[in-house]
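S.K.: Fit chain B to the supplied structure of chain A, relying on the hints for placement.
One-letter residues, chain by chain:
Number of protein chains: 2
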Amino acid sequence: MNKFWTKAVREAKPYIPGEQINQPNLLKLNTNENPYPPSPNAIKAISEASGDSLRLYPTPTMDSLRDAIANNFDLKLENVFVGNGSDEVLAFSFMAFFERGSTIKYPGITYSFYPVYANLFNVSVDEVSLENDFTINPEKFFNAPGGIIFPNPNAPTSLYLKLEAIELILQNNPHNIVIVDEAYVDFAEKSAASLINQYDNLLVIQTLSKSRALAGLRVGFALGHPDLIEALIRMKDSFNSYPVDRLALAGAEAAMSDNQYFKEITKRIINTREWTIKEMIELGFDVLPSQANFIFTKHPKHRGEKLYQQLKAANILVRHFNTEPISEYLRITIGTDAEMKRFITHLKTII
Amino acid sequence: MNKFWTKAVREAKPYIPGEQINQPNLLKLNTNENPYPPSPNAIKAISEASGDSLRLYPTPTMDSLRDAIANNFDLKLENVFVGNGSDEVLAFSFMAFFERGSTIKYPGITYSFYPVYANLFNVSVDEVSLENDFTINPEKFFNAPGGIIFPNPNAPTSLYLKLEAIELILQNNPHNIVIVDEAYVDFAEKSAASLINQYDNLLVIQTLSKSRALAGLRVGFALGHPDLIEALIRMKDSFNSYPVDRLALAGAEAAMSDNQYFKEITKRIINTREWTIKEMIELGFDVLPSQANFIFTKHPKHRGEKLYQQLKAANILVRHFNTEPISEYLRITIGTDAEMKRFITHLKTII
Chain A
77 MNKFWTKAVR EAKPYIPGEQ INQPNLLKLN TNENPYPPSP NAIKAISEAS
127 GDSLRLYPTP TMDSLRDAIA NNFDLKLENV FVGNGSDEVL AFSFMAFFER
177 GSTIKYPGIT YSFYPVYANL FNVSVDEVSL ENDFTINPEK FFNAPGGIIF
227 PNPNAPTSLY LKLEAIELIL QNNPHNIVIV DEAYVDFAEK SAASLINQYD
277 NLLVIQTLSK SRALAGLRVG FALGHPDLIE ALIRMKDSFN SYPVDRLALA
327 GAEAAMSDNQ YFKEITKRII NTREWTIKEM IELGFDVLPS QANFIFTKHP
377 KHRGEKLYQQ LKAANILVRH FNTEPISEYL RITIGTDAEM KRFITHLKTI
427 I
Chain B
77 MNKFWTKAVR EAKPYIPGEQ INQPNLLKLN TNENPYPPSP NAIKAISEAS
127 GDSLRLYPTP TMDSLRDAIA NNFDLKLENV FVGNGSDEVL AFSFMAFFER
177 GSTIKYPGIT YSFYPVYANL FNVSVDEVSL ENDFTINPEK FFNAPGGIIF
227 PNPNAPTSLY LKLEAIELIL QNNPHNIVIV DEAYVDFAEK SAASLINQYD
277 NLLVIQTLSK SRALAGLRVG FALGHPDLIE ALIRMKDSFN SYPVDRLALA
327 GAEAAMSDNQ YFKEITKRII NTREWTIKEM IELGFDVLPS QANFIFTKHP
377 KHRGEKLYQQ LKAANILVRH FNTEPISEYL RITIGTDAEM KRFITHLKTI
427 I
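Top line first, the protein sequences correspond to chains A and B.
Heads up, the first sequence is in my numbering, so the first residue is 77 and it goes up one at a time.
Heads up, the second sequence is in my numbering, so the first residue is 77 and it goes up one at a time.
Okay, chain A solo, but in the shape it has when bound (with noise of 0.2 Å):
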């Protein structure tokens, strides 16, 4: 505390990320990052970018990259908004759809970074409690007081809503702004970017950290009615007018723009979700169906915090998050196939 401080700063409650341990031989299974390098186009681009012109300013409207990225989706350009990370892009749209003083849902389990921006932004939360299989009942989002905002996947869930469950929210509120964060979707059925010309109450929202493998470059972006993007760039264009620098954009524009290599890599961490789910079913977890790049999962026999304890000591590192009702949870990302060898190797011997 100090007498410098605004009330912003003294109630703030920061987001906590996963440990980022740097050590020899530790197996890193917390954070969702892709084992995979990103696409060596995108390391390309990058090289190509780097040298004397880091002197110049990135372009601020970023056009070339929204290209690319609204190509993806068979959108236009305006149709795209793009910022640093997709936390970046969260933060923007607490800032421009939901009011100070105005109340918001999201599910009672989720992104751990909501409720840091709703305090930070003022914003009341009415959670939405989950069913007891962790499943969203959408009709609990229906004629909501204000905006809407989930993870699809849900995060730590894993679980996936339908598309038909998201246009029934989107139908029952007219009037509200629903954001869906995929950060995880292209590990999962469909994205609700297929939407966007339907509904113009519809932001999706993704990043390039997981399935491009490009968590170190810090480039998220945002899919909606041109209406909703031209808010972002207000708020960005009042914030800091730069967010991206000029070796993100050139790296982010090539890694959007080779799918070959995204679905390569994508199909590959699936069948090792799939291959590990197996696995640790077998071993007695109860694991959740997931559509993410991560699994949720107990063991009805060793409690959460001992099991991540325990693999800890081993050097493999997984998510705990020492709250109810997930205290009994872990939270493991997928790597390679090798590494999930390791780590079920490990498992069966504390099991």
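Because the hints were derived from the structure by calculation, they are not lab data.
Small disclaimer: the values here were computed from a predicted structure and weren't measured.
Some hints could be false.
The list treats identical chains as interchangeable, and a pair is accepted whether it falls inside one copy or across any two copies.
[Said to hold, decoys possible] In silico EDC-like cross-links for lysine to aspartate or glutamate, where the CA-CA straight-line distance does not exceed 20 Å:
(1) LYS83 to GLU175
(2) LYS83 to ASP303
(3) LYS79 to GLU175
(4) LYS374 to GLU404
M.R.: For chain B alone, coordinates are given in the frame of chain A:
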């Protein structure tokens, strides 16, 4: 306008950055970029940081870069905050230190992003009128009703306020935060960073975009008492945990560690600035005594707007602000010797 926009979006008055035109043979003297490339060490570090590890998040605490910055100012890691360009650092500073509804002071002519932030974060402004020669009278900042912010050298006037005057402002505002925005200070006499250990109400903000020739990399930083730095970290971690990507971290650290190169290009720019000022005075221009990498100038017989247009027609881009009382002035970035010779040669054909 759109029914989903918050008041913040509806009332936003976004910052308008200098034109970013891509055109062969354009002489770009409008956004105060460095005419020289970044340190070769920075390019090398970026190249080494690029590759497979981009799949991983950057370190959220950025200790290594903060250490490199601290070393430049005989400060400690705890005195350093790093953000995505000094604009992001400014935005977090407004959130961290300027209470909503409070009244802050800044100069009547100043960096045009300040009113954007004041509007966004609901802060009232008591603008301090400059003297007739555009200098700042420090007494006008004494006993302010709230926070204080000013660039030093001031932008776009290019005028430097001596540290003695800044100390008087600090001493006469023991209960107010004083933010000195030193984007251009490396082209001036001395940084106020040397006062950090004496004044707990001082925050100094710098950028790598100007003197370190890395506008394309988006790195800025703040220096201050550890309590002030903690406030900024709390805001960052409530907004976006990783605003600086792996490549920017690596490049910035190398640039901040290569002072020989930095001193060499800075000295060159200062020499070119002095030559340019001399030539312009010979052409009848009034030139303010610049301590920045740009000059602020008008001609008694030529209108600012017209000169800007005439230069633009000749593929020379400078910055013109169409607001009183500076509408007759041009802000001209200092380029290389060859560039400024081309500029002066063309100016002679106009005058």
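S.K.: Each of the hints needs a verdict: does it hold here or not?
M.R.: To see whether the hints hold, each was checked on the structure:
1. In the homo-oligomer, the alpha carbons of LYS83 and GLU175 lie at most 20 Å apart both inside one protomer (18 Å) and across protomers (7 Å), since each shortest distance falls under that limit.
2. When the C-alpha separation of LYS83 and ASP303 is checked against a cutoff of 20 Å, the pair qualifies only between copies, where the shortest distance is 15 Å, while the shortest distance within a copy is 32 Å.
3. Within a single copy, LYS79 and GLU175 get their C-alpha atoms only as close as 28 Å, which misses the 20 Å cut-off; across copies the closest is 12 Å, which meets it.
4. In this assembly of identical chains, LYS374 and GLU404 lie within 20 Å of each other by CA distance solely inside one copy; the values are 6 Å within and 70 Å between copies.
Every hint from the earlier list agrees with this structure, and none is contradicted.
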